[in-house]
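Participant: The whole structure should be built from the sequences, with the hints applied where relevant.
Protein chains in written order, with our numbering: chain V, 1 to 402; chain A, 403 to 758.
FYI, nobody ran anything at the bench for these hints, they're computed from the structure. From a predicted model like this one, the values you see are computed outputs, not experimental measurements. Among the clues, some could well be false.
[As the list claims (entries may be wrong)] Here are the simulated lysine-lysine pairs, DSS-like style, with alpha carbons at most 25 Å apart:
| id | chain 1 | residue 1 | chain 2 | residue 2 |
| --- | --- | --- | --- | --- |
| 1 | V | K237 | A | K735 |
| 2 | V | K193 | A | K409 |
| 3 | V | K193 | A | K735 |
| 4 | A | K405 | V | K193 |
For reference, the chains in residue letters:
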Amino acid sequence: MLATITDDFPDNPENMKYFYDKYKSLTSEESIYPKDKKVIASMCIHVPVEIIHALGAFPVRICSGAYSTDMAGSDLLPSKICPMVKSTLGAIHLQMLPGKAEPEIIINPTTCDQKKKISEFGEEVGAEFYTLEVPPTKDTEEARQYWHRSVKSMTKKLEKVTGNKLSRRKLRKAIKKVALAQAHFRRFMELRKGFPVIWGKDAILVVNSYFFDDIDIWTEKLAALNNELIERIKNRKEIIGRQAPRILLTGSPSIFPNMRIPILVEQLGGIIVYEEFCSTSRMLYDTVAVDEWFLYDMVPSVADRYLKPSTCPNFTPNDDRIRKILRAIEEYDVDGVVYQTFSGCQLYDLESRRVSNAIEDAGVPVLNIEIDYNPEDSGQLTTRIEAFLESIKDNKRKNFKK
Amino acid sequence: MKKKINKIRQYINGLRISRFRFWIQLISFFIFVYGGYFFIEIGSRLPIFSCPYVPGSPGGCYLLGVQHELNSTWSSIFSPRGISILKSLGIFLAFFLVLNKAWCGFVCPLGTVQDWITKLRMAMGFSFTRYDQMSFKRLKVIKYILLFLLILIPLAINNSFFGAPKLPHGMHTPFCQICPARIILPLFNGDTSQIYIDFTDTTTIIMTSLGLMVAALFFVGSFVKKRFFCFFCPMSALHYIFSRFSFLRLEKDGSKCTRCGNCYRACDVGIIEIADDITSKNIVKDDCIMCFKCVEACPEDGALDIKFFNIPLYTASHEGFFKRYGVGDENTKPINLDELINSKEEKNDKNNRSQR
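Facilitator: Structural data, given as structure tokens:
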């Protein structure tokens, strides 16, 4: 998969090399994490990484995109459930977490049903799970208070696990560190609004590597990549012509190496300009806002950032996700939306109708695809995506003539 | 020219308005509590608690004026003498409409005292409390009830409503008798004479005792809740009636809002609509004190905007947000894509034209 990503496309930015190498290290035999820090694994975007950083630990998000561990997970879980959850549990069982991570504890938020239940497999897979209670809604006061208490309990548990106490200074530093990463990320996303200077598959890789990379190094490398992309814009170095359909990708998250859809779209002539995934934009867009820089306000502030702005379909209602996608369609000049759902992922499936209708009402065509991690059924997918892209190109040509 | 203006605006949007506000509050406090000693005279129809019981006050609070003017018979009010009531209202509006509820957030000395008490609380490391949504909805009507009473009671002293007995003269300025500003602000002039119970008759005993209780409650309340008194202030209720006509505006562009809730977190009073309302343009609610902490906390370009008439003064911007965080530098400055593209456009233009 990595070879396809690097070799099949022309004009990969120089600074992508760091990220490609990082992905090569994922399958290493030795742990790629610093020896002096405890690794705290998590899933989803609802685990406040600022707190993990402040306690001197290394946060690693272990949501997995690997088919091999998906098959391993199928031994433990029913076959019809989300392949990402199966893949993650399989990876934990086989001790094949990204970069050979050996986490002290795995924080498992009670977001979707499938994810919620794998905590019960802790003994069988030989890992310690901590259940982080996430409310099923995000708008009500009850949900917010519940969430604040949940995060406080998690903080206490992590203090025990890491043996460190949360201090005001450390948390402030951590919040600023994450804010810096988010500032660079926003800049990166701004650069994709104009004519294409970076492939979507590269963009997904860059943001996806936030899962397991050292945040300071990641930020630094992203800053360098941004500067290179700015040079490309100044020199008008487009990687694909203006006629190429600009695609927005949303739905169940594309996580390396499950990158079939983005790669297919781009191999067949499209370009992905924005992805509304929890593995990319949703993870890094919003920033914590603190009113009084004391622990009594900082911890609730961090908690709030992981609840209210989240457009995860685990929450109901989730109209904010539709608004976000419509706004992205306008700002990124999107021609078509590809809505992917993993087979067994009920939440994204349930939202697909409302979201697709809203997008089509805005005049943008939507392609709904259901996939799993099996790399075999590319044939039918290729045809469908190709047809979709062709119809967009046709429309563009017609409109251009007008 | 436009570029220069944009640069200036970008610079301003990166500043901390809360620092600016701190200094304006300090200067205003000086003017409205000590100004009288320096022969400053601003009239007696001010839209803030510039209390005339304060020896150094340069003017008077409009609510006192309202209570005095309405302390007349109907025949007097509806006579040519009553035109002075309208004139009074006119002067009040002339002051109010310029700054809208920013009078509360930037100028009112009682508001400033509450903010200083909040700073004291922070220095001592204590946490603050917030109302839950249910209590918020129930308690916010108190300011309207107080406004209604301070209009009704003076009228009821001189006139009989539906044959009911007239109210006693001891309630002549009912709100001033219970207002915490009357007791607390003169303390800054070293004047403790307002801390007393008036034993003239039963009514005055009750009213002045209430006043002392309210003042005590003010200190406790302001310590645990930010801007505790402002939630119950009848001046705030009066402001809100005319707020939409004001020249200074706080506007929201719902299409830019991600409902992240940062503004609600920053709000001293706890107004959830700033975050959740994505349709209204004028986002000033009756409890808003226009301190603009919400604009400072908003990371979305153009979502919240302070405008004077239609001129934007201070807008939420993502560059400003990250700068205030201390993570703004050359590498995180937002990019003006058009500028970048156009920087080479002049050279390529001829080529493009021939290609088409």
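Participant: In ascending order, which of the hints set out earlier in this document are inconsistent with the structure?
Facilitator: none
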